[in-house]
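With chain A's structure known, arrange chain B on it following the hints.
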Amino acid sequence: MSYGLRTWNEVGALSLDTNTFTYQVLGSWVLDFSASTWASPANFTLSIPGYDPSNCALILLPTRASDVPGPSENPSNAKAYPFVTTSAGQASIKAFNPSASSPVTLSPKGIFRAMAVKYR
Amino acid sequence: MSFGFKSINDSSYIQIDADSPRMCYLEKGSYGGSNYIATVTFARAVTTVEPPMIFIRPSETTNTELYRSMTLLGSAGNWTGFQITAQNITYQPTGLWFVAVFASRGTSNYGMRLFKADGSMIYDSTASAVVVTAVFSTWTYLGSVQLSIGQVYKWTCGRALAAGEYMMVNDFSSCCQAEGGASGTCAVSCGYSTNQTLMWSQATTAWTNQGERPLLMAKLVA
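Going down the list, the protein sequences come from chains A and B. Quick note: the first sequence uses this note's numbering, first residue 1, plus one each step. Quick note: the second sequence uses this note's numbering, first residue 1, plus one each step.
Treat each hint with caution, since some may be false.
[What the hints assert, rightly or not] Which bits of chain A does chain B cover? Going by a derived footprint, with three or more residues having C-beta under 8 Å, they are: (1) 36-43; (2) 60-70; (3) 81-90; (4) 113-119.
[To be verified] Residues of chain B clear of chain A, computed beta-carbon distances all greater than 12 Å: (5) Arg44; (6) Glu50; (7) Arg68; (8) Thr94; (9) Val145; (10) Gln146; (11) Asn195; (12) Leu198.
Derived by calculation from the structure, the hints in this document are not laboratory data. No residue lacks a Cβ here, since even glycine has one placed at the ideal position from N, Cα and C.
Same shape as in the complex, but just chain B:
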């Protein structure tokens, strides 16, 4: 770093500097659909080139939902919202969400802002911090199950979301690879009662080792 400001915490983690900006929460809300697709429109478009990270906390009362896809709306520099789709078209996905980016935007007249060399804002003290509470990279294959629609492969990564936690769904918006011309869906579900987060792929033949696909859990602080 040749320009700006750097903050290092008790554990010697470099957390704010112009080269590795902080993950900043921008907006939050709840989602719910009248059908299997829930659409969220941001109050203000996210103007970063990089796509924003979408964190969701699925409803605990409808936790059999599988989230089959997450699509960002808009394009680089003008992300306007996102859509979440349930795997089973008879479900209506409901829950809470927040959106975060590695940038910031200022709305307050009070506090501190930091800018990097290209003039873009990397930190605004009024934006709530996103606290990363857990990351699981590797998935354990649990076997395949027969659902009402097709063969579904199932993996778990350890635990469900704890109180107040959200999970990032961007990396689960990509499909699971499969052999040949076929491909598998990628879906996630949070089993609060069994304390497991599950990844599912509906495919004719899936590979049981899909590599590392991290599950990032985070909370917002007030």
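Next comes chain A alone, as it looks inside the complex:
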């Protein structure tokens, strides 16, 4: 290790070496789809300096228990994962799948924590 941080616990065991964990959080955002509809879909474009699709990922975490179906609940597009694509330096998050054509398709309504992670 040439750069970074190590810490040890009370029995002298190494508890952290910043070269053994291999990710960096490039950024995080809150994406609110709660008002999104077919007529007025919520779409987001995130500018993420340093984002490279070959070693980065954009992960959406539902933030509320009501954003996902419960154990015995039927699936619903209102609780679906938005459509994510990424490219160098940016990510696009759309409410609807680009193949969606029916105006009765429900929009995702979740509030998501989007997290861009760089890893090796």
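For chain B alone, coordinates are given in the frame of chain A:
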């Protein structure tokens, strides 16, 4: 960053600072249900506003399990546990889990803690590090299969969990979109023998391209 501490490693990755805190493991254990729902209660509630990330390692001896849903119990600031549900109600999901957050909590009298500008703890040296071992963003469509219950679409993302690895299931707790009033379930399974992780959607008509939904694999270090 205008306040605090920053650590940069050999690869110039900024890993601990007040703006991008480290993913910290909080608790781990095993899960198993007496029916198709396995419920886990944390020993101490997770007090972050952000929902905790749930990582699971499904049992290797019952790897045909499909995990249809993952529901966090509690609410912002007081997450008390989670439930995992099997797609097939005759299965009993079993495996190992751990929970991680982008925050920390201190229990030791020895070591180092870091706090950010708002006073919340971002790092505690006694919390085990979560090591991200692989991330797969894109899924390859494999086709649809007829199961005992309905039509199921299937995607793969490369490989199964290796020894000691867990996968994060939060982003698979959201449904798969489908056209019109219908929707598809979202389920994941780890095929250890075929070395594939699979995503499944039970739907009448699913789109074969569901966009990027990353599969995050991680290990705990001692």
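Distance rule for glutamine 146 (chain B), whose beta carbon must clear each one in chain A by more than 12 Å
holds (19 Å)
For glutamate 50 (chain B), is the shortest beta carbon distance to chain A beyond 12 Å?
violated (6 Å)
Are all beta-carbon distances from arginine 68 (chain B) to chain A longer than 12 Å?
Violated, since 8 Å does not exceed 12 Å.
Are all beta-carbon distances from arginine 44 (chain B) to chain A longer than 12 Å?
holds (19 Å)
With a cut-off of 8 Å between beta carbons, are at least three residues of the region 113-119 of chain A near chain B?
Three-residue rule met by the region 113-119 of chain A, so holds; n is 4.
Could you check that no beta carbon of chain A comes within 12 Å of the beta carbon of threonine 94 (chain B)?
Fine: 16 Å to the nearest Cβ keeps threonine 94 (chain B) off the interface.
Holds or violated: the region 36-43 of chain A covered by chain B, criterion of 3 or more residues with Cβ-Cβ distance under 8 Å?
violated (count 0)
Has the region 81-90 of chain A got at least three residues whose CB is nearer than 8 Å to a CB belonging to chain B?
Per the Cβ count (6), the hint holds.
Valine 145 (chain B): least C-beta distance to chain A exceeds 12 Å?
holds (18 Å)
Given as covered by chain B, does the region 60-70 of chain A meet the bar of three residues or more with CB within less than 8 Å?
Held - the region 60-70 of chain A has 10 residues with a Cβ nearer than 8 Å to chain B, which meets the minimum of three.
Does asparagine 195 (chain B) clear chain A by more than 12 Å, comparing its Cβ with all Cβ atoms of that chain?
With a cut-off of 12 Å, asparagine 195 (chain B) remains clear of chain A, as the shortest Cβ separation is near 20 Å.
Does the claim that leucine 198 (chain B) lies off the interface hold, with its Cβ farther than 12 Å from every Cβ of chain A?
It holds; leucine 198 (chain B) is separated from chain A by about 16 Å at its closest Cβ, greater than 12 Å.
Comparing the model with each earlier hint shows violations of hints 1, 6 and 7; every other hint is respected.
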